[in-house]
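Residue numbers (UniProt numbering), protein chains in the order written: chain G, 1 to 367; chain A, 1 to 367.
Simulated from the structure, these hints should not be mistaken for laboratory data. Computed from a predicted structure; not experimentally measured. Cβ coordinates follow ideal geometry from the N, Cα and C atoms, glycine included. One or more hints might be untrue.
Stated by the list, open to error - One side of the interface only, derived from the structure: several residues of chain G facing chain A at Cβ under 7 Å: (1) S110; (2) G113; (3) N342; (4) G364.
To be verified - Label-pair distances were calculated between CB atoms; the ranges are: (5) G:Q288 to A:G76: 45 to 55 Å; (6) G:K250 to A:R34: 53 to 63 Å; (7) A:G286 to G:S90: 34 to 44 Å; (8) G:D162 to A:G353: 55 to 65 Å; (9) A:S90 to G:G226: 47 to 57 Å.
What follows is the residue order along each chain.
Number of protein chains: 2
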Amino acid sequence: MLTKESLETPCILIDEHIVQRNIDHMAECAARSRVKLRPHIKTHKIPEFALRQLVKGAAGITAAKVSEAEIMAEHGVDDIFIAYPVVSPSKIKRIIALAQKIHVIVGVESLEGATNLSREAAEAGITLSVRLEIDTGLARTGVNPDKAIELAQQISALPGLDLSGIFTFKGAVFKGVGTLDLKAAGQEEGRIMVETAEKLRACGIAIRDVSVGSTPTAAYAAEVEGVTEIRPGTYIFYDRMLEVMGACSKEDWAAKVLVTVVSVPAEDWFVVDGGSKAFATDVQPGQQPLNLKGFGEIIGLPDAVFERMNEEHGMIRTSGPHRLHVGDIVEIVPNHICPTINLHNEVFVSQEGAIRAVPVLARGKLA
Amino acid sequence: MLTKESLETPCILIDEHIVQRNIDHMAECAARSRVKLRPHIKTHKIPEFALRQLVKGAAGITAAKVSEAEIMAEHGVDDIFIAYPVVSPSKIKRIIALAQKIHVIVGVESLEGATNLSREAAEAGITLSVRLEIDTGLARTGVNPDKAIELAQQISALPGLDLSGIFTFKGAVFKGVGTLDLKAAGQEEGRIMVETAEKLRACGIAIRDVSVGSTPTAAYAAEVEGVTEIRPGTYIFYDRMLEVMGACSKEDWAAKVLVTVVSVPAEDWFVVDGGSKAFATDVQPGQQPLNLKGFGEIIGLPDAVFERMNEEHGMIRTSGPHRLHVGDIVEIVPNHICPTINLHNEVFVSQEGAIRAVPVLARGKLA
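Can you build the whole structure from these sequences, using the hints too?
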């Protein structure tokens with residue numbers, strides 16, 4: 001049996017009890033607002049955790065890539081929304097193969113993409129469920145709400161497609177720097193989506209699913225009458241970014257990176273054996289609106305700043321003299337857990353002292 | 001047979017011809033300065049490429065982690081320097097197991113680490129080659145040159161260890177912002193190391209290897225009389241950061257990330273299917289001294305700025321109207337290729353139109 005002391009660092013240690021509590025709480029939140037819960041599996045990338053979410057009432061799961069969906073389907077997940085504009089014929093063929101085994105929905109946000117989906121579906125003799133992506137402010141993918149009617153009508157006219165819903169990912173996008181009003185953001189997200197759905201229905205397009213996303217806004221968006229589904233992902237583990245946003249407390253952190261102190265150059269500085277190969281750096285310190293200090297929070301040293309990273313080194317500055325020695329183990333909560341999990345081939349799941357290794361089967365699934 | 005058109009994006013495409021030319025050029029550079037070449041395999045993480053470097057005259061390879069060394073040894077590499085302060089007894093035991101099969105050298109930079117190495121080596125009844133890490137300005141790991149004598153004497157007194165050399169990694173560290181004088185940086189790196197070796201020898205410590213690092217400084221450091229070895233890594237592929245530094249030309253770029261345009265929200269803006277899961281973000285745009293614009297260079301659109309990334313989305317702004325459509329393939333040279341390779345389970349190697357998939361066997365080796 002593995003013990004915490006026997007783990008080789010850097011590695012990710014997950015508290016099974018907190019995971020289960022986080023799963024339960026989000027399931028209760030969705031039930032309270034009478035919306036479906038379709039968790040995004042990009043955070044954990046582990047079939048076992050997807051199945052646990054389904055057992056606790058999730059209506060299906062969300063994935064970003066066809067390859068993620070394929071792995072999840074292989075392990076018993078039978079209802080998957082690929083919330084991404086899949087446009088390449090080779091990938092669409094794989095979606096159709098999947099749709100012949102399980103329930104699949106796929107995102108669409110351009111006429112070119114829809115035309116490719118339609119052609120492949122019609123050739124295969126199936127009807128593919130698609131949802132139109134709406135941009136509610138992130139300026140990433142998704143059609144502007146004002147242009148949704150025209151595109152929805154074009155998609156509806158294509159053979160082989162069933163335009164069953166609309167979806168969005170707004171995330172923690174805020175109009176003004178520092179205005180971390182999650183409630184207002186979630187309500188705005190829900191309102192825009194419900195209004196867009198109403199406009200489409202008025203044009204004869206039978207929108208059934210109004211799906212909104214993101215851990216920080218899900219609870220508030222779910223309360224908007226007319227929203228039918230939420231797709232949070234990070235809530236299963238939470239992370240430092242979400243805690244700073246006010247979307248969780250530190251007690252909700254289920255995943256920590258364990259590292260070893262390999263060098264103590266000074267009394268207020270130490271170096272650990274985890275750098276950018278062990279911690280994602282896509283949420284950078286000092287960027288607005290969060291203005292996080294450093295790359296993660298050091299458990300037990302909340303004032304320490306994880307200042308710099310190279311691939312295999314993490315440089316941490318403490319506010320005063322620390323008592324760490326070469327060889328000590330330190331636990332760190334990363335700024336962004338989802339891409340951090342993607343860096344690890346396996347995670348270690350702890351329940352009452354017993355630890356087991358769990359492969360991150362949908363890790364590195366790019367295509 | 002694979003063709004470029006048949007690849008699923010995002011993926012990494014490597015030009016075998018350029019790889020071979022880069023390997024040859026660095027081998028010639030080392031031979032000219034009569035220093036050994038010990039390439040760092042962190043860039044490619046692929047045994048085949050390590051063997052090619054050895055065939056072209058490399059004296060051995062460099063790795064950062066024990067697990068990387070294990071993979072390389074399994075595939076026929078028989079001389080490996082683990083240029084990292086390995087301090088944990090469990091990892092040291094693995095190094096000793098490796099040292100009983102091939103020639104292994106390991107980094108050391110603290111008395112605690114050296115004591116652990118000594119104890120394990122003595123217990124196993126072997127002598128382990130170690131090199132003392134010197135900090136030549138990066139402020140990462142490594143002992144200050146002024147304190148090297150005391151620590152070297154302590155290490156020399158420990159049983160089971162042969163302190164055979166000193167090593168450093170300076171990288172492109174510059175005293176003043178914007179002073180990208182690679183020649184001056186390399187010469188300083190070499191000079192500090194040779195002076196330190198001389199001081200240690202004057203105290204009776206038989207330093208044989210004076211090993212310096214990094215692609216941008218290797219050629220200049222190698223010219224310093226007394227330097228015996230260089231350990232560049234990135235030169236096998238080069239990347240955008242090195243080109244901006246002046247350490248290579250764009251013709252030397254051997255690795256590109258292929259992505260597909262999935263959305264065209266505006267005439268001066270498009271979105272691709274590669275984000276922070278396909279491109280490393282540890283070299284951030286706008287940071288001094290390089291001040292790179294964006295996360296990579298778009299081939300054919302050198303003025304376009306790869307502005308933002310989420311995990312699966314890359315947002316690219318062009319300087320004027322672009323002609324790209326949903327479904328088009330775009331090639332991007334990332335800012336930092338080493339951690340980018342670490343995100344991909346396989347790379348695609350192209351030689352005169354024929355493409356083969358090569359697994360990145362030492363990818364994600366954290367421990």
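Here is what the structure says about each hint:
Hint status for G:S110 relative to chain A: holds, with the closest Cβ pair at about 5 Å, below 7 Å. Given the 7 Å rule on beta carbons, the hint for G:G113 holds: about 6 Å separates it from the nearest Cβ of chain A. Against a cut-off of 7 Å between C-beta atoms, the interface hint on G:N342 holds, since the closest Cβ of chain A lies about 6 Å away. Satisfaction of the interface hint for G:G364 is found here, the shortest Cβ-Cβ separation to chain A being roughly 5 Å, below the 7 Å cut-off.
Here the CB-CB span from G:Q288 to A:G76 is close to 50 Å, well matched to the stated 45 to 55 Å. For G:K250 and A:R34, the Cβ-Cβ distance of about 57 Å falls inside the hinted range of 53 to 63 Å, so the restraint holds. For A:G286 and G:S90, the Cβ-Cβ distance of about 36 Å falls inside the hinted range of 34 to 44 Å, so the restraint holds. Range check, G:D162 to A:G353: about 41 Å between beta-carbon atoms, so the 55 to 65 Å window is missed.
Checking the proposed 47 to 57 Å range against A:S90 and G:G226 shows it holds: the Cβ atoms sit about 56 Å from each other.
Hint 8 from the earlier list is the only one contradicted by this structure; the remaining hints agree with it.
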